[in-house]
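Enquirer: In case you want the letters, here they are:
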Amino acid sequence: MTFSPELEARFEKFLTKYPADRKRSAVIPMLVYAQDETEAITQELIEEVAKRCGVTPLQVEEVVGFYSMLHKKPQGKYHVQICTNISCLLVGGAELWEQATKKTGIGHKQNSADGRISLEEVECIGACSWAPAVQINYDFYHFVTPGQLDKLLDGLAAGKKPEEITEVQKVSC
Amino acid sequence: MRYNPPSPLETPVLSRRFRLPNSQSIDTYLATDGYKGFEKATGMTQDEIIGEVKTSILRGRGGAGFPTGMKWGFVPRTSPKPKYIVVNADESEPGTCKDRLLMEFDPHQLIEGVLIAGLAVGAQQGYIYIRGEFRYLIGVMDKAIDEAYAKGYLGDNILGKGIKFNLATHSGAGAYECGEESALLESFEGKRGNPRIRPPFPAVAGAYQCPTILNNVETFCAVPSIILNGGAWFAGLGTPKNGGTRMFCLSGHVNKPGVYELPMGFNLMRMINEVGGGIRGGKKLKAVVPGGSSCPILKADECDLAMDYDTVAAAKSMLGSGGVVVLDEDTCMVNFALRIMRFYAHESCGWCIPCREGTTWLKKLLTRFHEGQGQRSDIVMIGDLSKNMLGRTFCPLGDAAAMPTIAIVEKFREEFEAHLDGKPCPYENKGSYFSNSGLAA
Numbered sequence: 001m002t003f004s005p006e007l008e009a010r011f012e013k014f015l016t017k018y019p020a021d022r023k024r025s026a027v028i029p030m031l032v033y034a035q036d037e038t039e040a041i042t043q044e045l046i047e048e049v050a051k052r053c054g055v056t057p058l059q060v061e062e063v064v065g066f067y068s069m070l071h072k073k074p075q076g077k078y079h080v081q082i083c084t085n086i087s088c089l090l091v092g093g094a095e096l097w098e099q100a101t102k103k104t105g106i107g108h109k110q111n112s113a114d115g116r117i118s119l120e121e122v123e124c125i126g127a128c129s130w131a132p133a134v135q136i137n138y139d140f141y142h143f144v145t146p147g148q149l150d151k152l153l154d155g156l157a158a159g160k161k162p163e164e165i166t167e168v169q170k171v172s173c
Numbered sequence: 001m002r003y004n005p006p007s008p009l010e011t012p013v014l015s016r017r018f019r020l021p022n023s024q025s026i027d028t029y030l031a032t033d034g035y036k037g038f039e040k041a042t043g044m045t046q047d048e049i050i051g052e053v054k055t056s057i058l059r060g061r062g063g064a065g066f067p068t069g070m071k072w073g074f075v076p077r078t079s080p081k082p083k084y085i086v087v088n089a090d091e092s093e094p095g096t097c098k099d100r101l102l103m104e105f106d107p108h109q110l111i112e113g114v115l116i117a118g119l120a121v122g123a124q125q126g127y128i129y130i131r132g133e134f135r136y137l138i139g140v141m142d143k144a145i146d147e148a149y150a151k152g153y154l155g156d157n158i159l160g161k162g163i164k165f166n167l168a169t170h171s172g173a174g175a176y177e178c179g180e181e182s183a184l185l186e187s188f189e190g191k192r193g194n195p196r197i198r199p200p201f202p203a204v205a206g207a208y209q210c211p212t213i214l215n216n217v218e219t220f221c222a223v224p225s226i227i228l229n230g231g232a233w234f235a236g237l238g239t240p241k242n243g244g245t246r247m248f249c250l251s252g253h254v255n256k257p258g259v260y261e262l263p264m265g266f267n268l269m270r271m272i273n274e275v276g277g278g279i280r281g282g283k284k285l286k287a288v289v290p291g292g293s294s295c296p297i298l299k300a301d302e303c304d305l306a307m308d309y310d311t312v313a314a315a316k317s318m319l320g321s322g323g324v325v326v327l328d329e330d331t332c333m334v335n336f337a338l339r340i341m342r343f344y345a346h347e348s349c350g351w352c353i354p355c356r357e358g359t360t361w362l363k364k365l366l367t368r369f370h371e372g373q374g375q376r377s378d379i380v381m382i383g384d385l386s387k388n389m390l391g392r393t394f395c396p397l398g399d400a401a402a403m404p405t406i407a408i409v410e411k412f413r414e415e416f417e418a419h420l421d422g423k424p425c426p427y428e429n430k431g432s433y434f435s436n437s438g439l440a441a
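In order, the protein sequences belong to chains A and B. According to this note's numbering, numbering within the first sequence proceeds without interruption in unit steps and concludes at 173. According to this note's numbering, numbering within the second sequence proceeds without interruption in unit steps and concludes at 441.
Bound conformation, chain B alone (with noise of 0.2 angstroms):
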């Protein structure tokens, strides 16, 4: 089961189980290698476990992509306080969508993922926070856990060998801001999600300022086929410094929009021609967000390139959460940008004044100028408030808001100055999105 069908451009590795019948029940998982990388770790001390994850050069899925295995490495194994691994499952990065299902279709992967971590570091306590909005998410896990726990791989003795390790579900409540890690933490302790000043980060002071491995769903739920297949065998599916595969989410103006695994450095034209079947009704591409709406969009020409943290990077942009956004030709770019702006001015939590302030200003303007209300001298001054914003917050969700503003605004100048002198925008008289695909119905 999935939303979309696979491509057989995929590398299933992560989602191999998504098409078996009851891929959700811990009988389907344990009849396909499930538990096995786990029961392979407990014979193994906690620095092999560290480093075949090294040596795997999985890198944060959330979007930052640092290297989970010196992440881990980070923990004070021989602190006395207890360690606590915590899973973020706050999945809202606009153009984002593969946590849902790797939870979904497959949860005793991630529950795996998380023990293995447990054992890594000495935790013994785990929490995954879920959105909110993902209600039905967190009775999928509630069973399986459950299941894990009948089965004995959850608990106080597990398998018998003595280890202990107890994992419990956790509603979040609707605010993007908490999918940043030490928000995620304030919100997870029952407080308003404001970001906390780093160092310490969670790895020393995190959940009850305790020790804390805090990853993404996927980045979890690569775990378990690294320790039972090898972290060099994980590394060889990517790129040289990109190990792995990637869940890429395609969206917007694809004839076959989707989750799809690919491998790391996947280039991305042949993701939207090949995997995505090309852009809809025939039309040309303007622009792809690469990885969720705060990366800096890449126009059609900056698009042949591979997909892995470091290319793009380069192109001076981010692989991010993995959320490729599609953008076609009658796409108004300035009305574009303003509606990620008023995303991010909604999600502000209002506790950095760059932040707070530039969004909402950043929103107005950009409104103003979508209504052919702008000046000229508002182009630059976009530009410069977006500017003043970058690395001034105590969290990057300000920076996430600036650079694909600062992007978009450099790249599609003469879209803002055709919105100028009281002209109305020319994309809006294209008709509606609905008359023009045949969708209408």
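Okay, chain A solo, but in the shape it has when bound (with noise of 0.2 angstroms):
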């Protein structure tokens, strides 16, 4: 399989980080750096994962279960992920949930027809204190009001990227 250079220069970093014989250590963070480059995690990528840290495909298949963030079917072009765990909930995460759902017309782990939004509710994202909380793919959002959360669900769907929706700021960094 081939990559691009900078995920290439990626998992070659990722391979002298741990010690020469614990490679199996790069399965999780090369699957979760790939999926994003490949879409989804596909046989072929597990395959290539397994033979780059030497260890078998069904060793990374394993993995490939457990954790939330890979994903074998592709996502939207943009994962609008909605907090409703305690914090975001007081606050009104779920009701952010419900309005998404209903102006999508998607539901949880759905991908718009276009292949533009996808969404999920999500546990705990570490915003409690900002709530209620949204991360489009790895952008924070804090502090979304239902007015805010229309305009980005509004651009997306219009074929904006996130920063071209002027009204509503990530968190900078």
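In short, the hints are calculated from the structure, not lab data. Hints are all accurate, no fakes.
Under the rule of at most 30 angstroms between Cα atoms (straight-line distance), these lysine-lysine pairs were calculated in the DSSO-like manner:
no., chain 1, residue 1, chain 2, residue 2
1, B, K143, B, K36
2, A, K102, A, K73
3, B, K363, A, K102
4, A, K72, B, K191
5, A, K103, B, K363
6, A, K23, B, K143
7, B, K411, B, K256
8, A, K17, B, K191
9, A, K170, A, K151
10, A, K17, B, K81
11, A, K170, B, K256
12, A, K72, B, K363
13, B, K36, B, K241
14, B, K151, A, K13
15, B, K363, A, K109
16, B, K81, A, K13
17, A, K170, A, K72
18, B, K191, A, K13
19, B, K423, A, K102
20, B, K40, A, K17
21, A, K17, B, K151
22, B, K286, B, K316
23, A, K72, B, K364
24, A, K13, B, K164
25, A, K17, B, K143
26, B, K191, A, K109
27, B, K256, B, K286
28, B, K256, A, K151
29, B, K143, A, K13
30, B, K54, B, K161
31, A, K170, B, K143
32, B, K164, A, K17
33, A, K103, A, K160
34, B, K36, A, K17
35, B, K81, A, K51
36, A, K103, A, K77
37, B, K164, A, K23
38, A, K51, B, K191
Two chains, two frames, some hints: make the complex.
Expert: Written out as structure tokens, the structure reads:
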């Protein structure tokens, strides 16, 4: 399998981080970065990661089934994750989730027909003091209001990138 | 920079650089006593370093509150095996969002803490296990690590003193269970995040079955100040058996939610009213989860207490991970208990039957209850099922699901009864949170 030069460089770094006889440690980091490029975890990717880390494809497969971020089905280009765990629940997270499903007509872990948006009701994403929180791909949005969520979903559906939806700013770092 | 304004009641030790411009950069760090604790530690013996951490009465900030110096002392320093330092940055206990800030705004403080731990036990390799959702933080930490290598604070000959220490980040992929130390190590080794039976503890057989120090981000971040200013100084910031400050994550129905660094033993009601600005909308306080979702809930009249490990334990709860979740009078406790159980049922790794089956059945029972289909006998069954999970699992996830449930059923039984006989949830028609709070725009 061929990957982008950036991902190849990252893989190379992964394989030097761990002791020479412990390459299995690189399995999960490789999968989580590779799936962003390959869009999902395919059988081909499983076999490639197994080969590079010196483990069996089954040893990779069993990991794929365990971790919630690893997915065999492609997600939307923009994976909108809405937290409804306790701190978000208390300040409107569940209402945001309901609003998102109604507005897009798609449900938990489903993709829009054009493949631009997918939704996921997620467990705590570590933004409790700035709740309710939403994550789009890896970007955080804090203190999200229903109006802001509408703007984000409308913008994404209309073909905009999240950073082009200027009314709603992601958390910068 | 930080995500909420600071409070004048804070005692900034770990967070003291958060407001500096470019607080992430090594130049800012070096200009503000950065790596001075490490340099001091290079002139100390291993026993002296561990002794200083013991004197500080620093207790593990991940949740269990185990004395850090004692934990470090368990590492067999004469073992011929390599030794490892592993940072638990898998922050995912609902209600907790402090490690994210510590890494984002002061990454070098964490690196320095890890370096000192390396000196203390003779480790030459460290890993920072960061939850996969915090992808941006992996970038922040990688950049800081690169800077530390460039300035000679990491590598094979640190500061020209012949000290060797290498450090790398490691990405998780979404699993609450991996915040538990032994499951984290399994995951780190590239396996499913199932817990290990203990003993042996990680200090003896941790990463790759080698002696390993495994602590929470906040714990490591306290170490540079302890070495630089002395353990006694740090101990003096807190209460007699609880040294230092704590990053408290205030969330829920308060006017000013945020992460605040307060001395150990800070009064919970003062935290809510003076730091957090009181309950939103002038409503009454109903209950508080004092340290993340796994901690038994405290009723409003139990909240006048000092937030240290021992006082909260005496109130039959836990200080936990520092996640203080505040609930107002309009919160449905059945719904709250259900949301907690949905989380644990989703996150149970399935390794131990009492946890796997218990959380699933409790979720079903609580769902049925909240939908108005509950029976009186279910109230007893919820308690019995929970009690049968306690202490019967490899790791504390089963306990973490059972303890809050038992407390909610015992303390708010009348709310469960109010859902009986097909009666609708008494809190459901209070309108949406946003329409009440004026935040709908």
